[in-house]
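Reading the sequence shown from the start, the letters are residues 4 to 94 in my numbering.
You may find that some hints are simply not true.
Unchecked claim - For lysine to aspartate or glutamate, the following DMTMM-like pairs were computed, each having C-alpha atoms within a straight-line distance of at most 20 Å: (1) 33 with 59; (2) 24 with 50; (3) 85 with 41; (4) 69 with 28; (5) 89 with 76; (6) 24 with 59; (7) 21 with 59; (8) 89 with 50; (9) 89 with 75; (10) 55 with 41; (11) 55 with 25; (12) 51 with 75; (13) 55 with 75; (14) 24 with 41.
Claimed, not checked - Okay, the calculated beta carbon distance ranges per label pair: (15) 41 with 69: 13 to 23 Å; (16) 28 with 87: 17 to 27 Å; (17) 42 with 17: 31 to 41 Å; (18) 61 with 91: 14 to 24 Å.
Just so you know, the hints here were simulated from the structure itself, not pulled from any lab data.
For every residue, glycine included, the Cβ atom is placed at its ideal position computed from N, Cα and C.
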Amino acid sequence: MVKMHPMFKTSIPSGLSKSQKELFDKLSNKGYQLFCNEGEKYRCWIEKGSQKAYVDNRTVNALSNKGYLLPDDSYQNDKIAKFRMKLNTRL
Numbered sequence: 004m005v006k007m008h009p010m011f012k013t014s015i016p017s018g019l020s021k022s023q024k025e026l027f028d029k030l031s032n033k034g035y036q037l038f039c040n041e042g043e044k045y046r047c048w049i050e051k052g053s054q055k056a057y058v059d060n061r062t063v064n065a066l067s068n069k070g071y072l073l074p075d076d077s078y079q080n081d082k083i084a085k086f087r088m089k090l091n092t093r094l
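Use the sequences and the hints to build the structure in full.
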């Protein structure tokens, strides 16, 4: 059975690693939000309500380099350099 992506009305993209597919699924189907900070202690994590889990930076960078993630300009927290990422809906 093919898992459908609700934003794109297509399946989760092929050619992604297992961790990339899991992150893509959480962002698209399960209501998680992806955040990253910048600087010496660069980290990425997903949040849903009070739940928080760290994500491997390489997974986020790979999805971003492939064009699946974009910075969300509607959210920015300069005090702690926390930035939200969103799925690219124009693929």
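Consistency of the hints with the structure:
A hinted pair counts as satisfied when its Cα atoms are at most 20 Å apart, and residue 33 with residue 59 qualifies at roughly 19 Å. Restraint check for residue 24 and residue 50: satisfied, since their Cα atoms lie roughly 17 Å apart, inside the 20 Å limit. Under the criterion of a C-alpha separation no larger than 20 Å, the hint pairing residue 85 with residue 41 is consistent with the structure, at around 7 Å. Note on residue 69 and residue 28: the hinted pairing holds, with a Cα-Cα distance of about 16 Å set against a maximum of 20 Å.
At roughly 9 Å between alpha-carbon atoms, residue 89 and residue 76 fall within 20 Å of each other, so this suggested pair holds. Straight-line distance between C-alpha atoms of residue 24 and residue 59 comes to about 13 Å, which keeps the hinted pair within the 20 Å bound. Proximity of residue 21 to residue 59 is assessed by CA-CA distance (about 12 Å); at most 20 Å being required, the pair is judged to hold. For a cut-off of 20 Å, the pair hint linking residue 89 to residue 50 stands: about 13 Å separates their Cα positions.
Only pairs whose Cα atoms come within 20 Å are accepted, and residue 89 paired with residue 75 is accepted, the gap being roughly 6 Å. Restraint check for residue 55 and residue 41: the C-alpha separation of about 18 Å stays at or below 20 Å, so the hint holds. With a C-alpha separation of about 15 Å, the suggested pair residue 55 and residue 25 falls inside the 20 Å cut-off, and the hint holds. For the hint pairing residue 51 with residue 75, the CA-to-CA distance comes to about 16 Å; that is within 20 Å, so the pair holds.
Between residue 55 and residue 75, the direct Cα distance comes to roughly 19 Å. Compliance with the 20 Å bound is thereby established for this hinted pair. Among the hinted pairs, residue 24 with residue 41 is inconsistent with the structure: their alpha-carbon atoms are about 24 Å apart, more than 20 Å. Restraint check, residue 41 to residue 69: a C-beta distance of roughly 20 Å satisfies the suggested window 13 to 23 Å. For the pair residue 28 and residue 87, the supplied restraint of 17 to 27 Å holds, since their beta-carbon distance comes to about 18 Å.
Residue 42 and residue 17 have their C-beta atoms about 34 Å apart, which keeps the hinted 31 to 41 Å range intact. Separation of residue 61 from residue 91 is about 19 Å and conforms to the stated range, judged on CB atoms against 14 to 24 Å.
Checked against the numbered hints above, the structure breaks only hint 14 and satisfies the rest.
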